Structures are given as structure tokens and as C-alpha cells.
Amino acid sequence: MKEILPNAFDERLLRELAPQVLGAVVRRYRDFAAAEDAVQEAMLAAFAQWPQQGVPENPRGWLIQVASRRMTDLVRSEIARRERETSVVRDAETMVLADEIEPDIEMDPNDTLILLFMCCHPALTSSSTIALTLRAVGGLTTAEIANAFLVPEATMAQRISRAKQSIKASGVPFSLLPPEDRAERLPAVLHVLYLIFNEGYASSIGAHLQRLDLAREAIRLTRCATNLLPDDAEVAGLLALMLLTDARRAARTGSDEELIPLDKQDRSLWDRAEISEGTEFLTAALSKGSVGLYQLQAAIAAVHDEAARAEDTDWPQILALYELLKGVSPSPMVTLNHAIATAMVHGPSKGLELLKPLDSDHRLAEHHRLSSVRAHLLELLGDHESAVRHYRIAASRTTSIPEQNYLMTQTARLETSLNCPEEKTITP
Amino acid sequence: MKYILMMHIQKAGYGTFGAWSDKDIAANFAFVKGLNKALSESGEFVAADGLTLPDQARVVRAGKDGVPVTDGVFPESKEFLAGYLMVDVETTERAYEIAAIWSAGPGPGGLPLNMPIEVRQAMSVGASELP
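Line by line, the protein sequences give chains A and B. Under our numbering, residues 1 to 428 are what the first sequence spells out, in order. Under our numbering, residues 429 to 559 are what the second sequence spells out, in order.
To be clear, the hints were calculated from the coordinates, so they are not data collected in a lab. One or more hints might be untrue.
[Claimed, not checked] To be clear about the criterion: a stretch of chain A counts as covered by chain B if any three or more of its residues have a C-beta under 8 Å from a C-beta of chain B, and this derived list gives those stretches: (1) 147-156; (2) 399-408.
[What the hints assert, rightly or not] Residues from chain B that keep clear of chain A, each with C-beta distances beyond 10 Å, as calculated: (3) 434; (4) 451; (5) 456; (6) 458; (7) 460; (8) 479; (9) 480; (10) 493; (11) 500; (12) 508; (13) 531; (14) 533; (15) 536; (16) 538.
What you are looking at is a predicted structure, and each value in this text was computed from that prediction instead of being measured. Using N, Cα and C, we set each Cβ at its ideal position, and we do this for glycine too.
Extracted from the complex, chain B is given alone in its bound form (with noise of 0.2 Å):
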């Protein structure tokens, strides 16, 4: 079964990890690259990418004859998603699991951050046979 394992960031949380010394920034990218090296070799590792800041982002809409019109980003928008982790697991308690290690990530200090992760099941596109 495939979970998408989301993190979301407090839009505040941004401006503080320009604060984080240089030794916290490298044992935070660290420990993610651990992490997904070490779901790599389980065999659960799909996917994993980090997003650009919010303030690189745009809302898109289909204007008129589909043209593409964009729009900055909601101010009032208080959470933004910072990076996602994809896994295919046997049990969902397993992807919990997961989303608890990545949600324990050092911060400033070495602490853990206990950032909230999303986890939400993927759909699949196969179907069993109905009656």
C-alpha cells in the first residue's frame, strides 16, 4: 500500500530556519538523506522531494481559452507544505511509523522538531471484481 507522508510547515516556521546554524542545516539534510537511504534498502521508498519556500509559490487557474493566469499566494494561508515522502508499505501502522521518524528530524540544537506529518493513503487504480 502506498502512503504519501506530507509536512507541513507553520508559514512563520520559514523565516526561523534561515536562523539555524550552519551545523543544525547540515544535521537536519543529513538525517533526511539517512532517512531515505534507510527506506531505500527496506524496500519502501517511492518518492521524496522538498518544495521550494512559499514564496515562490503560485496559484494557477485556467483563464480564458485555458491560458494559464497566476496568482501569488494567499496571505492570510498560515500553513504551507514543505516536502513529501512517498512509501510502499505492508500495514498502515508502518507508514506511521515512518511519518513518526521523519517527524523527529533534529532542529536548532539537535532537538527534535515534531513537525505534524500528513499521512494519507494513495488510491489505487486496481479494482477487484464487483458482484
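If we strip away everything but chain A, and leave its shape as in the complex, we get (with noise of 0.2 Å):
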């Protein structure tokens, strides 16, 4: 009666497992909400107790036989339900014999899949809608999820309560959704995993060593769907893009922590592993035809990378990216960007005018990086003084401290060369 094999603790293992386990107990259970409770528990014991005694044999079954007697509990007691977020499971509640696992649990390899979409649900916030994926899909504690978006962990624990009973709620039956509803779907879902990186790649500033690398997670979640959804050209694209834009996380800030812009960046600190990587899924992804948002900015993330000097960047094929990405998905930002690239190819002021309009958008009139970067641009043409004012402008309006002092930087930076009369005479 032999209870474990001391295999070695891999937490990566857990988390893959997770949702296949939850998949489990909700067909078993019918009931979404409780059984993420109960694997969540589950998991916790994992933590608790792998690392010392070792992987069980079965890892998948010993979860499954965890969180099914907490759901045994769970129905059995409100009580046990109140205290499920904070109550340590105890050891002799998750000791599971080898001969109690059921060999074969029914198992579905969609569950993943069908999980990803269930979070991703359109009627969620973004937050709470994040915070439930990364519990569920990602197999990550509230207190690490807590941890990364700096709240208490009773409050992301109610986000995340809060977001089961909104699925809940609309209905949603545990299935997967037929192809058509699937790629109705698809681009809530790739949003999210992009909020994730996002969040991850944003924060990867700043002494937060004890946070947990969302732009990581982010990218093991959405390798995981690019093996769920292999046909999928925007699934490769957007993970081409994620691995394509962490690539330069190591050269994108200073020793002081102080932001490094693309073109200052010191490239051979670049992971060119990762690179290779994007490249590859971005060429496939593109071979499939039909080109989408993410394979696009992934597309120029890789014109970027390609180039070994800032100079040697190729702008105009950027630009016609840029054209593209026009047609494709219009956003302000869009045209911003689209404005810096055509800048680059035609001169500062033709990029200049194309701002012009962004003015009157109420969505970008007031936001910084319309004074950033018309600053940047004034400061190509020339006009150190008005590059100065928008510059300055943007720093009062962002609401990051990184790009506040990288702002300030700059302001102060074209101040002196505007009081020193010689410097001045040689920029362009």
C-alpha cells in the first residue's frame, strides 16, 4: 500500500494539470463554480505537500481524489464552503492511497479549452475576467494572483467569486461551443491573454521581485491554445507577438530601472532564442492566410528584432505593416503609431500632420502618449522649444511613474541643449 513516488516537485506540472483536473470535477460535479473551489484546495495541498513527499504517481488522479472529497464537503456543509478561502486543508484530509485513484477519470483533452473560453467570457470585467483565468486555466493561487495586481487577498478573492456566479449566471453549459460560436468568441479570449502579457510585460519594471511573471504565464497560456487551436493563424500570431516583444525585456530598462527606448536599446541583450522562436510561429501563422491584429503587430515587432542597429531598421516595410494594421483594426493608438512610422519614412513633419486629427479624438486628445510622441517628432524637426512644452505635457498626463521620469529625462535633456548654444548647433 504504497501512497507516492517521491518524484521531484514541479510546479509546472501543477499547473498544466490544473484545468484537465477541474475539467474533471465539473463533468462529475455539474457545478462550475464549486469544483474551481475545490481544485483550487486541491492545488493548495499539492503545494503544501509535494515538495516534501514527492509527486504522487498518479499527480492528475491524486488531484482529482483531493478535490472530489472537498467537493463531497462542500455539499455537505455551508460552513465548509465560508471558510474554503482561507481554511488550510489538513494532511489527513488529501492523504490519497494509490489504490483509491481511479485509473481512468474521464477525461476530455478539450477541457483546456472549453475552460479558456468559459473565463473569457465577454459579459466579465477585464479584471475579474483575468484574475478567473489565471485560478482556473493558468492553476494559480488567489494568493499569487493577489500578489501580482497588488490587492488584498480577500479582494481578488471576491473578484474571482464575483466572476464564477456571473457565468453562472448567463448559463454558459460546460461544452464546447460549436466552431462557429468558437470564432465568435476567440478574439474576447486573445484579448485576455494579451491583458495578461500586457500586465506582466508592464510590471516587469520596478522592484517586484516577489511578483509573479504574468508576461510568462501569459505566454505558457497562450502556447497552450496554439497546441488546442493548431489551425488558428491569429492563436500563432499572437504568441509570435508575445514572444517576440519579450525578447528585448532584458534591454528595456537601465540599471537604475529608468526605461530604454527601442532605438537606445543595447541589442545583443536581446534573447535571440525567443526571437527565432516568434519568427517561426509568425512565418506559419502568415502561411495561413488570413491575416489578423496580432500576426500583424507580431510582424513588426519582428521587422524591429531583425535589425542589428536601430538605423538598420527597415521603416517602410514597418509602414505598410502599419497600413495594414489600418484596414485591419483602427484604433487611435493605431494612427499614432502609424504616424511615427510614417515619420520615419517621410520626414517628421509629414508625421506631424498625421496627428493633427488624433487632436479631436476623445479618446487620445488628452492621453500622453499624443504629447510623447509629438515631442519626439518635434525634437526630429528640429524645434527643440515646442518639443520641450510636449514633452512636458506628456509628463504631467501619464499616470506611470517609469514613463513620468523618462519624460522628465528627455524635457530636461533638450532644456540644456537649448541653453547651451553649441550643442545646440549640432543636432540636425
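With the hints as a guide, bring both chains together as one complex.
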């Protein structure tokens, strides 16, 4: 009667199992919200026991067994339900004997996909859908998610529980959507993965060493989605975009964590392996013939990544890609980036012309990005006085500390050059 | 997006707080407790605290060798921070809505206080890639 085999504990294994286990438990008990809580508890029990005691021979079965027991408890007792977020599962409750585990528990390879579509439900707010996706599909604990978003654990637990209530209220069955519906819902799913990546990418700045690496988590989940939807070009495009962007991570900030813009980055710090993997995914996606938003953004990132030096950047190609992007997915942010590409190809005054209509676009008129791009182009034009003015506006409008530091540094740098005529003559 | 909601109070206002009836004070405390609970349940609560009375406040500056030099509060100050609430919300409008709820907390006789609440967005430590 052996309980476990002492295999080395691997957190990734546990996380990959999480959605599979949840799928099996939901299938058995038909209650997504409660099953999700039960699986979370089984995960916590595994986190507490496996590193010391070793990984069970059948880790999936072990988790299902622990979660199922918890489900039984939940059904029996309302009190247990209320305490589920904080109670520590006692060892005795999670002693699973090898012969207790059913060898052939119903397992559907589509479970992870079903869960992904379920969690990325369009009725949910983005903060709750992100939290639920990270927990139910990503296998993360509430504490880890709360820490990543710098909110108390109790607040995050409520956010997740409310998200599940909304899903319950919307009456979605636990089953794979028909292909037409799936295609319709896929953009929402990809958007959630993109938001998780962005959150992680942005928060990789700053001394948050204890915070979960959300960018890596987003890459892992998107990679999983590419395995489940191998024929979809946009899923692969999104993964390519993430890899091609994440590859520049080490070069994005300096020794004092100051932001370093793309044209000033030390390109030897870029992750070549990640770039080539991203490029492979992009090439495969583009060959599928349905070009979308993520593939185009990935293609732009790839052009940047290909240039050995900033001055080698193929801006005409980037401009052409932004023109396509304007057609596929028009937005003021795309217009803004299109203006930068135009300036790099046809000169800063052409770029500045394209910014004018954005002044009357309520989504961007007051945005720091419009001012910072305008300042950058004015500087390229040689109008340093106006550039300083716009850098200053941008610095006052950004809500990000590193961006504000960067913009204030730009202001100070240009002001110094305005006050030193000799330096002024050598700037173009 | 995280916002800090700051309740400023007239210095004179502190003196009158003691004149509230027990019932009114209890109602106000229950209100604040209920608000924090509701915000936790809506997944928006980050932190909240009430601050000690202004006569206990000290202004601190670094003196020689960085030794703290404390000073009493400035008698000319008319307003003090009485407490703060930090929330994580989807929109600015929602932060304003919460501020309005807090502002209307019950005062003497259960009437809404309509305290002024200063709402400020917290800067993020994140940044998007620069062009």
C-alpha cells in the first residue's frame, strides 16, 4: 500500500494539470463555481505536500481525488463553503492512497479549451476575467494573483467568486462551443491573454521581485492555446507577438530601472532564441492566409527584432504593416504608431500632420502618448522649444512612474541643449 | 486602476465630533465598516485607514546626520487628512461613485455629512514600450 513515489516536484506540471483536473471535477459534479474552489484547494494541498513528500505516481488522479472529497464536503456543509478560501486543508484529509485513485477518470482533451472560453466570457469585466483565467486555467493560487495585482487576497478572492457567479448566471453549459460560436468568441479570449501579457510586460519594470511573472504565464497559456487550436492563425500570431516582444525585456530598462526606448536599447541583450521561436510561429501563422491584428503586430515586432542596429530598421516595411493594421483594426493608438512610422520614412513633418486629427479624438486627445509622440517628432524636426513643451505635457499626463521619469529626463535634456548654443548647432 | 480617496476635515470639525451622540457615532462607524465590506465583496478594496487626531500629528524633517527633528503641527492649517480609502476599479467614474457614497456617510441625527473627498489616481509602476 504505497502512497506516493518521490518524484521531483515541478510546479509547471501542477499548473498544467489544473485545468484538466477542473474539467474532470466539473464533469462529475456539474457545478463549475464549487468545482473551481475545490480544485484550488487540491492545488494548495499539492503545493504544501508535494515539495516535501514527492509527487504522487498519478498526480492527476490525486488532485481529482482530493478535489472530489472537497466537493463532497462542500455539498454537506455550508460552513465549509464559507471557509474554503482560508482554511488549510489538513494532511489527513489529503492522504490519498494509490489504490483509491480511479485509473480511468473521464478526461477530455478539450477541457482546457472549454475552460479558457468559459473564463474569458464577454460578460465579465477585464479584471475579473483575468483573475479567473489565471486561477482556473493557469492553476495559480489566489494569493499569487492578488500579489501580482497588488490587492489584498480577500479582494481577489471576491473578484474571482463574482466572476463565477456571472458565468453561472449566464447559464453557459460546460461544453465545447460549436465552431461558428468559437470563432466569434475567440477574439475575446485572445484579448484576455493579451491583457495578461501586457500587465506582466509593464510590471516587469520596478523592484517587484516577488511578483509573479505574468508575461511568462501569458506566454504559457497562449502556447497551450496554440496546441489546442493549431489551425488558427491569430492564436499563433499572438504567441509570436508575445515572444518577439518579451525577447527585448532585458534591454528595456537600464541599471536604475529607467526605461530605454527601442532605438537606444543594447540589442545584444535581446533573447535570440525567443526571437527565432517567435519568428517561426509568425511565419507559420502568415502561411495560413488569414492575416489579423496579432499577426500584423507580431510582424512589426519581428521587423524591429531583425535590425542589428536601430538605424538598420526597415521603416518602409513597418509603415506598410501599419497601413494594413489600420485597415484590419483601426484605433487611435494604431494611427499614432502609423504617424511615427510615416515620420521615419517621409520625415517628421509628415508624421506631425497625421497627428492633427487625433487632437479631436476624445479617446486620445488628453492621452500622454499623443503629447510624447508629438514631442519626439518635433525634436526630430529640430523644434526643440515646442518639443520641450509637449514632453512636459506628456510627463504631467502619464499615470506611470517610469514613463514620467523618462519624459522628465527628455525635457531636461532638451532644455539643457536649448541653453547651450554650441550643442544646439550640432543637433540636426 | 488604483485610486486613493482622501477625506479632508476642517480642523474645527474634530472638536465637534465629541459632541455627537453615541448613537450617531455608532451609526457612522457601522457605515464605514459596511462600506469597506461592500468594497471587499465587489473586489475593489485595497486599503483603508482612519488617522489619529491632528493634535497628535508631527511634522518631521531630517536634521544633522539624518536624525529626525519633529515639530508640532502648524496652527494655521485649517484642513487635515482624516482618513483614506484605496480602491482598485475599472473606471474613474466608479472611483467617483465610491467617493460620493463615502462622502454621504451619516453624521449627527443620521444626516449625510457630504464631506469633501479628494480623489487621486495612483501612479503605476508599469510602462508600455516607448517608440
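Structure-based check of all given hints:
no. : hint    : result
1   : 147-156 : holds (count 7)
2   : 399-408 : holds (count 7)
3   : 434     : 17 Å, holds
4   : 451     : 30 Å, holds
5   : 456     : 23 Å, holds
6   : 458     : 20 Å, holds
7   : 460     : 17 Å, holds
8   : 479     : 20 Å, holds
9   : 480     : 23 Å, holds
10  : 493     : 26 Å, holds
11  : 500     : 33 Å, holds
12  : 508     : 27 Å, holds
13  : 531     : 22 Å, holds
14  : 533     : 21 Å, holds
15  : 536     : 32 Å, holds
16  : 538     : 29 Å, holds
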